[in-house]
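Protein chains: 2
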Amino acid sequence: MATVNAPSTHTLVLPHSLALDGGQELDRVELAHETYGTLNADGSNAILVCHALTGDQHLASPHPITGKPGWWDRMVGPGKPIDTDRFFVVCANVIGSCLGSTGPASIAPDGRPYGMRFPVITIRDMVRAQVALLDALGIGRLHAVIGGSMGGMQALSLAANFPDRAERVLAIATTARHSAQNIAYHEVGRQAIMADPAWQGGEYYGTGQTPDKGLAVARMAAHITYLSEAGLTGKFGRQLQDREAKSFGFDADFQVESYLRHQGLSFTDRFDANSYLYITRATDYFDLAEEHGGRLVDAFAASQARFCIVSFDTDWLYPTAESRNIVHALNATAARVSFVELSAPYGHDSFLLDVPALDRVVKGFIQG
Amino acid sequence: MATVNAPSTHTLVLPHSLALDGGQELDRVELAHETYGTLNADGSNAILVCHALTGDQHLASPHPITGKPGWWDRMVGPGKPIDTDRFFVVCANVIGSCLGSTGPASIAPDGRPYGMRFPVITIRDMVRAQVALLDALGIGRLHAVIGGSMGGMQALSLAANFPDRAERVLAIATTARHSAQNIAYHEVGRQAIMADPAWQGGEYYGTGQTPDKGLAVARMAAHITYLSEAGLTGKFGRQLQDREAKSFGFDADFQVESYLRHQGLSFTDRFDANSYLYITRATDYFDLAEEHGGRLVDAFAASQARFCIVSFDTDWLYPTAESRNIVHALNATAARVSFVELSAPYGHDSFLLDVPALDRVVKGFIQG
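Heads up: the protein sequence lines correspond to chains A and B, in order. Using full-length UniProt numbering, the first residue of the first sequence is number 1, and each one after it goes up by one. Using full-length UniProt numbering, the first residue of the second sequence is number 1, and each one after it goes up by one.
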């Protein structure tokens, strides 16, 4: 059995400037990425995994700040559904993020952090950077591109905009366009960050103050949308936190309050508030049909890839109807597409959690 | 045709101190209230309408700050479903609120505003104050108690705790207990307020600073839960606000962003942040079963009232399943109960909006 490469983050400086949908160009773009497994001689065994909103390149290696296992550790590794004994797996931190790739916390050419001078980016811009990374790694055509949530948007965008670059496209718990409700939740998060005086118009780097309170509120509001109502009830119900009776005060009486506060606070240890602004904006701007003349079917017209679209029955952030919308467009182009709605109690976050049926779908699709 | 009384707010100072569920007593409680119509000789034509979270006594009279029509103007008035030519209608601002009833902005016995020294109150405490008002108005037994959302909680609580005080109970778009998800959303709002430095631990009265930014974020997050995903899509979709193309910036590009920002900001003109903390806490604490030994059926055991429970098919804040839960408990006590799920596109807010089917249900139930 081959041993998996030691997963450590490498940083590629893109050899060319990156032209952005907003009309600007980014120079000296850095892409932090990890690879697992070995690229075979003809370069045909590469899988690109795209991470979600606040994810990163630590796909199956411990997170450097939290020490927790990689976010898809259960899915990626020797003998796992995405088998690193067979496949060369690449995962890059998206541009705009804060785990090593160029984003608002990066130093601009003038020697100061970009802050809000960083250009607004799109999902397609993220994908352009991913493709530049593939070029640098000598990967012409991916065996597969895979992603959940915002990672799924990238997978779909790659299929639409670089139709020759992937044989298989696996998009999980995602959508072809952000809905009004999706935008609304992100706008609440952005307003929470911008309302924090420590945000300072985004110029907080080096001031010793960061908008942690605003970012924590943003994360709390978003986190609820990642879970299902039934999942929250099953996990917490109205159970009290370390007490026998209600305190008649504003402490976190209920377990769900304590849990949410923890989710908010711990997030601020690992994520940059400005990156949160930029990445939520990128997803809000995402509308694959709009990019292709208003018809989603035209987005996929040039693709020869095989598609697999997966939704979860309790996901109300990107509900099954959004996946069906994608499948209908693919069907209209006579694409090869399989679609499955999986049952799992965890809501949107199901794609990250222990759902054995997802493992089987992923394994079957990439080996098929 | 009789003319409706000029609707103006009166304030009752409760003659006795109010014993609270938290163990404290509130002295000199003031209840701002409006009445419409005329109480008949035997006092049998009174209807108590209970308002929702951020509602007030301006049921069918213009709001003193916004100038907008009363929140249920369409439902209450001469010849309207709650016909003030026939009924004497009472609506009081709940304790804890900020439109004239005693709340955290009120002056405590020591001459300073209560702020966070105000005791945490419950829905049952609100109802105790409502019953004291009925006593003062000479109303022994209500023809009906009616409310939507938190108003529905009060209606159910009155039926459970003062079973002789209402002949009819109409509870709309409500629940018998706050779910984990309900609590989670409220906790996000509270944290947003408390994260605002202008909150100052609740001691902002007279400082010239109020936590408007935090309160606006709280309102934005909550407001999304009042609407339906389909309703948001139908109303806003991905339409841009006063522009032809996306700005690639952080302005409110999308109409839904502009709308939400307006909802948040305008709310701060009419509502006190500390009241928002206390009233959300009261609803989070609401669990009618818990108050009655853990069995909801026991809550209604002593009631002889007729019940009507109404839900809306697009309400995901208090979905139909919550109403069914109430109906099942009522059925188990052999109560007279009718139940209807109405179809309306507006989500939870349907109870406030133009849903003619609701008018018919309300009219039929109170005249039956």
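Keep in mind the hints are simulated off the structure, nothing from the lab. One or more hints might be untrue.
[To be verified] Derived CB-CB ranges, DEER-like:
(1) B:239 - A:197: 48 to 58 Å
(2) B:331 - A:294: 44 to 54 Å
(3) A:336 - B:336: 58 to 68 Å
Owing to the predicted nature of the structure, the values given are computational and were not obtained by experimental measurement. We treat Cβ as the ideally placed atom computed from N, Cα and C, and that holds for glycine.
The hints, checked one at a time:
Evaluation of the 48 to 58 Å hint for residue 239 of chain B and residue 197 of chain A yields a failure: the beta carbon distance comes to about 32 Å. The beta-carbon spacing between residue 331 of chain B and residue 294 of chain A, approximately 51 Å, falls within the hinted interval of 44 to 54 Å. A hinted range of 58 to 68 Å holds for the C-beta pair residue 336 of chain A and residue 336 of chain B, which are about 59 Å apart.
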